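Model the placement of chains B, C and D on the given structure of chain A, informed by the hints.
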Amino acid sequence: SKSSEDIRCKCICPPYRNISGHIYNKNVSQKDCNCLHVVEPMPVPGNDVEAYCLLCECKYEERSTTTIKVIIIIYLSVVGALLLYMAFLVLVDPLIRKPDPYTQPLHNEEDSEDTHSLATVPTLAGARANTVLERVEGAQQRWKRQVQEQRKTVFDRHKMLS
Amino acid sequence: SKSSEDIRCKCICPPYRNISGHIYNKNVSQKDCNCLHVVEPMPVPGNDVEAYCLLCECKYEERSTTTIKVIIIIYLSVVGALLLYMAFLVLVDPLIRKPDPYTQPLHNEEDSEDTHSLATVPTLAGARANTVLERVEGAQQRWKRQVQEQRKTVFDRHKMLS
Amino acid sequence: MDQKGYRRGSFQSATSDEDMLEIAGASMDFSMADDDPPLDREMGGFSSYNGGGMNGTSTMMDFLEEPLPGVGTYEDFNTIDWVREKSRDRDRHREITNRSKESTWALLHSVSDAFSGWLLMLLIGLLAGSLAGLIDISAHWMTDLKEGVCLAGFWFNHEHCCWKSNTTFTDRDKCPEWKSWSQLILGHGEGAFAYILNYLMYVIWALMFSLLAVLLVKGFAPYACGSGIPEIKTILSGFIIRGYLGKWTLVIKTITLVLAVSSGLSLGKEGPLVHVACCCGNILCHLFTKYRKNEAKRREVLSAAAAAGVSVAFGAPIGGVLFSLEEVSYYFPLKTLWRSFFAALVAAFTLRSINPFGNSRLVLFYVEFHMPWHLLELVPFILLGIFGGLWGAFFIRSNIAWCRRRKTTHLGKYPVLEVFVVTAITAILAFPNEYTRMSTSELISELFNDCGILDSSKLCEYVNDFNSTKGDDLPDRAAGPGVYTAMWQLALALIMKVFITIFTFGMKVPSGLFIPSMAVGAIAGRLLGVAVEQLAFYHHDWPIFSGWCSQGADCITPGLYAMVGAAACLGGVTRMTVSLVVIMFELTGGLEYIVPLMAAAMTSKWVADAIGREGIYDAHIRLNGYPFLEAKEEFSHKTRAMDVMRPRKNDPPLTVITQDSMSVEDVETIVSSTTYSGYPVVVSRTSQRLVGFVLRRDLIISIENARKKQDGIVSTSVICFTDYCPPLPPSSPSVLKLRSILDLSPFTVTDETPMEIVVDIFRKLGLRQCLVTHNGKLLGIITKKDVLKHIAQMANQDPDSILFN
Amino acid sequence: MDQKGYRRGSFQSATSDEDMLEIAGASMDFSMADDDPPLDREMGGFSSYNGGGMNGTSTMMDFLEEPLPGVGTYEDFNTIDWVREKSRDRDRHREITNRSKESTWALLHSVSDAFSGWLLMLLIGLLAGSLAGLIDISAHWMTDLKEGVCLAGFWFNHEHCCWKSNTTFTDRDKCPEWKSWSQLILGHGEGAFAYILNYLMYVIWALMFSLLAVLLVKGFAPYACGSGIPEIKTILSGFIIRGYLGKWTLVIKTITLVLAVSSGLSLGKEGPLVHVACCCGNILCHLFTKYRKNEAKRREVLSAAAAAGVSVAFGAPIGGVLFSLEEVSYYFPLKTLWRSFFAALVAAFTLRSINPFGNSRLVLFYVEFHMPWHLLELVPFILLGIFGGLWGAFFIRSNIAWCRRRKTTHLGKYPVLEVFVVTAITAILAFPNEYTRMSTSELISELFNDCGILDSSKLCEYVNDFNSTKGDDLPDRAAGPGVYTAMWQLALALIMKVFITIFTFGMKVPSGLFIPSMAVGAIAGRLLGVAVEQLAFYHHDWPIFSGWCSQGADCITPGLYAMVGAAACLGGVTRMTVSLVVIMFELTGGLEYIVPLMAAAMTSKWVADAIGREGIYDAHIRLNGYPFLEAKEEFSHKTRAMDVMRPRKNDPPLTVITQDSMSVEDVETIVSSTTYSGYPVVVSRTSQRLVGFVLRRDLIISIENARKKQDGIVSTSVICFTDYCPPLPPSSPSVLKLRSILDLSPFTVTDETPMEIVVDIFRKLGLRQCLVTHNGKLLGIITKKDVLKHIAQMANQDPDSILFN
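Residue numbers (this note's numbering), protein chains in the order written: chain A, 1 to 162; chain B, 1 to 162; chain C, 1 to 805; chain D, 1 to 805.
Isolated chain A, as found in the complex:
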């Protein structure tokens, strides 16, 4: 697919005598990317070819449509997932969850997973979470707390980043 769609040789030829400017676009390899190969049909007679070609500018370009497609799709799906999760947190989560019992302030500890601050996982203290769900739950709780703390620092107290 690369040879057919992802390379081009583009020659821009300005107006010359009575010939108007023209852009030529062709699927040729880098080696053949020059005026003589790309400009077809040649609008000038044989002895003028050189002068005309001197004015033209040919540029060889390559791209990868697959990379572009994949990147855009990844990006959009991440944004979509984040939006869904946000919607979940805002709309659904408060409904299925009891009121939040953790109100004490605590430090931001997302960065350090070494930090197993007990305060962040109070429901699990001393015991071990057995199901995957509970673990995810715990992690989510901890993370939400950290974000809350960050939000307080940045948006409410304006202690940082302002």
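The hints are simulated quantities; they were obtained by calculation from the structure and are not laboratory data. Worth double-checking, as some hints may not be accurate.
Restraint-style ranges between C-beta atoms, simulated for each label pair [to be verified]:
1. A:Leu76 x C:Lys101: 50 to 58 Å
2. C:Leu375 x D:Tyr414: 51 to 59 Å
3. C:Pro726 x D:Arg397: 54 to 62 Å
Since this is a predicted model, take the numbers as computed values, not measurements. Glycine included, every Cβ here is placed at the ideal spot set by N, Cα and C.
Quick look at chains B, C and D alone, frame taken from chain A:
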């Protein structure tokens, strides 16, 4: 003089068909330094000119003969002066001078003219040198002593730079 | 701490990637099963960050001296102790070296340890380069989305959409596959209604993007907002901000950066890219024990990551390394120089292989021209330098004033609304003017570009004289009507950019400053360049032009003026010097423009420094009160240590602990009645002779632990910091030996030491505190915060602005 | 000290340029005529270098506290105290700033003071660039002089001689104006006899040049020999070698460098150029009070000058700055970075305007090719890296062994004979082989060059196929007989260069190492490159070549291999990393070769480091026992300050001075019975509580001065270092107050401090000594020499090799 002697445009053309290689050298400005202007007479007929010129390589070069001349002459005269002075020190100086009374070792102090070590100008100590000759004499003595010291450090004791 | 590893493996492993890795790291600790759940519980109360570092080495070290978990770690918003971290790393290194002689496995471990730094750099380069490619491609696409959509595949931007189609010479931007919104909705793209519709769509998309960005930032990672460079500078100087370089920050910053750039706000992606690269560095550090567990080593990695970030932002690996060295880093050993260079190169090559712009260049505004310049042109270049300096100083002042207002008044309460309003204003003002409508990078690219005969842009609408067929080598020409229109539009764009950027930088979306600064400078430079060009064209007989700019010669390159202007403005704002010139050199690839660039950058820096000493990043650091000890500024006041140390003259005496006469209860009283982060230990209160220094955190942990685990430790037990504790009567409770947590080599200075030397010591050694003595007696203490406050006071600033330790 | 200025003006002004300047500088001291000839006489006994520094500020300061001349200066072969120098400069700066508010003149002075650094950099750049031009042109001319002479003007070298004449394609080196010696003497240049005559003339000229060089060095400036980089590294780290950067050294080094290079010895001009540039910097420092009188500031200038030196040596301004930063400099504040860059640029532009090679390039072996390389080629590149590392390690070992032999045995007694013999051998071996006959720079240039169709060199004698007229884009071709001959000759040249360089580097002529190292690498690289090329040509069907190196493709560039090899060997010898890559990058001007260069440089450094830790410069520093504290190596042994400090366990106790109980006589006894350069001052001998530190030199000068000038100071007078001296009975002689010379802020560490921290402190703060305390009591002292000896001991080296303080 610059335009006549200090610029050149040199085109090297390799063997082409039955024409042997040739070097062209011409006095033209940078703008005109190309095969068409420099290669004269053109050894090939009109429609082969382009192919022939493609093989040639033209290089524009500039120099300053005055700079070269001045630098070489300066350099040679400095070397000459040093040689003369060395000859003077080796041959003439010991004859016109009494034996050297200063034998105590001392530090190298050429670098610091702030250093007016009395030991280096013992004949002048306390008094002031009045004639230019004496001043030069004093400076020369000091310098000789420093060189001696350096020579001892580097060549005899091999304390440094070895 | 073994049970910590165990616990982690047992019930928390699934929560994150790093936890997964922790298991692997901790598994070798299982051999020593000293499982004690109650301690676990207690320890959890402290942020035991890095406690594992002691853990890793302790298994190799004397078991009896094994430090407690939590000892030797830091709390959030605190400064690390470089000396301690570095010597801890050296201990670790020593252990590995010693053990490498014992077994083949240990030797392998030591080799892998030595190469882990390089591997880490490789990974950082790959990740940073990939993310930069993702950001470039997505931002390009989303920017074009504001104007239309590609029918051949929605994922193509305008240029890629028209990749294959044969466009005409006059309308080279149009192609059948690309549909503007009006074409898509109305079926045609002409007329007032279509224009209004496009206008509306442009504003709506811009608002949508920016709102989405600010909501994501607010909802998931508040730390992802802003440029990030001031905070990274502070972090690299030893400050701890947990979560600032975490996973969520990385994800959200990457995502929202694209949104913010695409929304057409007056901001760039360069600063945030540095933050993104540092996040990559920090996250990848978790893979390697050596870096995960040592704050100092980790900062070396972050320095290199910052270099990789600039490298991909500007396609300038050497410039990136120098930027990291000059602007960002604090502790930059030469080993890091080499590694940074490697990381920067890998990142640049990764980005090149992704090829985001389709032309093998890493930045949109890469230029390659080799027109000579004349010495007389230095006059306009220096004028541009002065403009850049003035703009830089003006920008810094106004932006800081606005940010202070946002920080202190009710304005800061409505971040989302603020973003909405600013975006709306920007979008509404930007659309009518084609130079503000296009993305700022494209604008810069167009301004840098030297007009060839083939350029279709309005800026290149000169009165052509097609008789000469000399190809690229065009003489200076008279400006056509297009150029004059472009000049007006550029002037308007300049005014708009100048003002809107002040309000944009500091909003709660990721926002870099390089691109808007460069745009302002490039516009000013291009305006001046065209003016000089036309002056030279119409007045080539003036004496100043004769000789070098005769008729028909191509002597003025307006693109070069734009480049010089961009460098000047960037220099005025950031006060970069060498790195700026090197970045611009790498952008143009020609040594011949170094002199103009240097002249402009130097003038700009001098002018801006004359008005206000600080660059924008330092100004923001001061605004936020981060504990950053500027390494570039010399402290030049004649104060002495005694003027700065605590306690001051009328304060109560320094709180000290004696080495062998205080009971657990006494110490606990001291700890609970004060908030100091450490206490000097003296021989006795009367002699005040210094023995060492003990950190509050270590003290609390050790006492609590001893009360739990050690028999006979009660409130009346004597705490003994000496090697051999004095024999006590048998009836008394047993002695608590705490020598292991005592720092026996605290830094001391005499009270007569000039503060300039003290500042130097703090800076170069990275101290947290320093004790002050007089004739061998302990007098007081100077902490980093004291030093910063003192510097602020001496500079006639509010010392209370320093908020953190 | 005023009379010193006066005296200087009166009878010594005519002796040197600097003296002339001194008058101008000293004239403002005339206002305070405190003329005392006897003091003058006494003071002369001490090297009062830099005493003027105190002088300059003292007139502005408190008259009573005016320091004595000589106080605060250093002796030859001693280390400076960075802390003291820097705080002295800050004092000076403070004074100027304060005074600038008083009058317009003072304001002007302050502005000129601020800009003097930049002016100095400009002057250094201009001077270094000019000298480099002089050296390039003269060396080129003299090299050609060995073969013949130009009749059109004896000052033309071969190339310039044939500048105008029309040469033929086949014999493009011959022109009628240029006569070889045989042509000149015999009238014809063909035949065996002509060859022998040319051979003889070649050897005679070579011997003449090298003898002249060694005689000039020995006669006028012995310090001008060698490379100079080890000594400059040491000087920049704070060592003082008087005269090493003086006028005579500059003149003689410049002159003899040309001679040495022209004599065809296996040495280069790059290292000595750095020395020359540093001499320029040092001499120009005398023009500015700020730099003349402060050793620390002066070293900042020298760092920049070193950058300028490398910049002109390789035409690489950025590389020069990085070289100075990475390899040479010790204390490199960021301000210096910017200034170094400026100096390097000015130097490069000066050299370019001189245009020594007639092609606007700064070095002969500048190349510009943009052939792509394939990933698989990394294998040979890494092989070259391994070769470079092995060669580097081998060279360092053998050269150091040889230099040690020269230093310690009778061999060193005959430096002139040594030069004579080595030159004779080199010349006799070099002439028959055309690749050793040409100058090494030209050889490198030819090896780096990619063969075009027009090249006439034997290396480019491929079997041509003139059917394809594609211009420069030649496919890989079969090697012709010329290439095979060239390969043999190159192999012989390689062997000769490898061995002769070992004996050449370290002789008593200026000798750089860069060019021979690069030559060795370039030859090896070219050999490998041609081998791979022919392999690929004949076996293009092998699987490893298929796909990227099909028949008729131009896939292997032997010139690139030569470049990579040169980088590898240079890296192996000097252990440069980033600066090496950047220098090579600037030499080629293409980012695409950074990866091969980095791969080779990295491999080479790793391989060489595995064999021997030190680079050639560090090895020479250690050989000579200079007091250089390596900033790059981490000290990683677990010793403590108490293990290093003096006095050791069984030594007599530390010599101390008490603050207010010792008489002049006591102190004089202590001073004369010991040789320490300083003494700690304590409260009392029993308490051993530290008050301060006093330098021996200051103490001697002050006591002598007081005895002369102060009434009532006799041998029994009590010396008092306190602020308020205790009242004495009226009968006793008056008290000598010496608080002004007491350093009240000596650096202290506790005895338990790990040595790694102590080393760090010495390194980062530039200390000369540090006191050791235990619980507030003075225990001992650690000097820089102690630290160096300890490091040597820990590395299993002879601690007595450290010779200097």
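Outcome of the hint check:
Between leucine 76 (chain A) and lysine 101 (chain C) the CB atoms are about 55 Å apart, so this pair conforms to the stated range of 50 to 58 Å. At roughly 54 Å, the beta-carbon separation of leucine 375 (chain C) and tyrosine 414 (chain D) lies within the given 51 to 59 Å, and the hint holds. For proline 726 (chain C) and arginine 397 (chain D), the Cβ-Cβ distance of about 58 Å falls inside the hinted range of 54 to 62 Å, so the restraint holds.
The structure meets every hint from the earlier list without exception.
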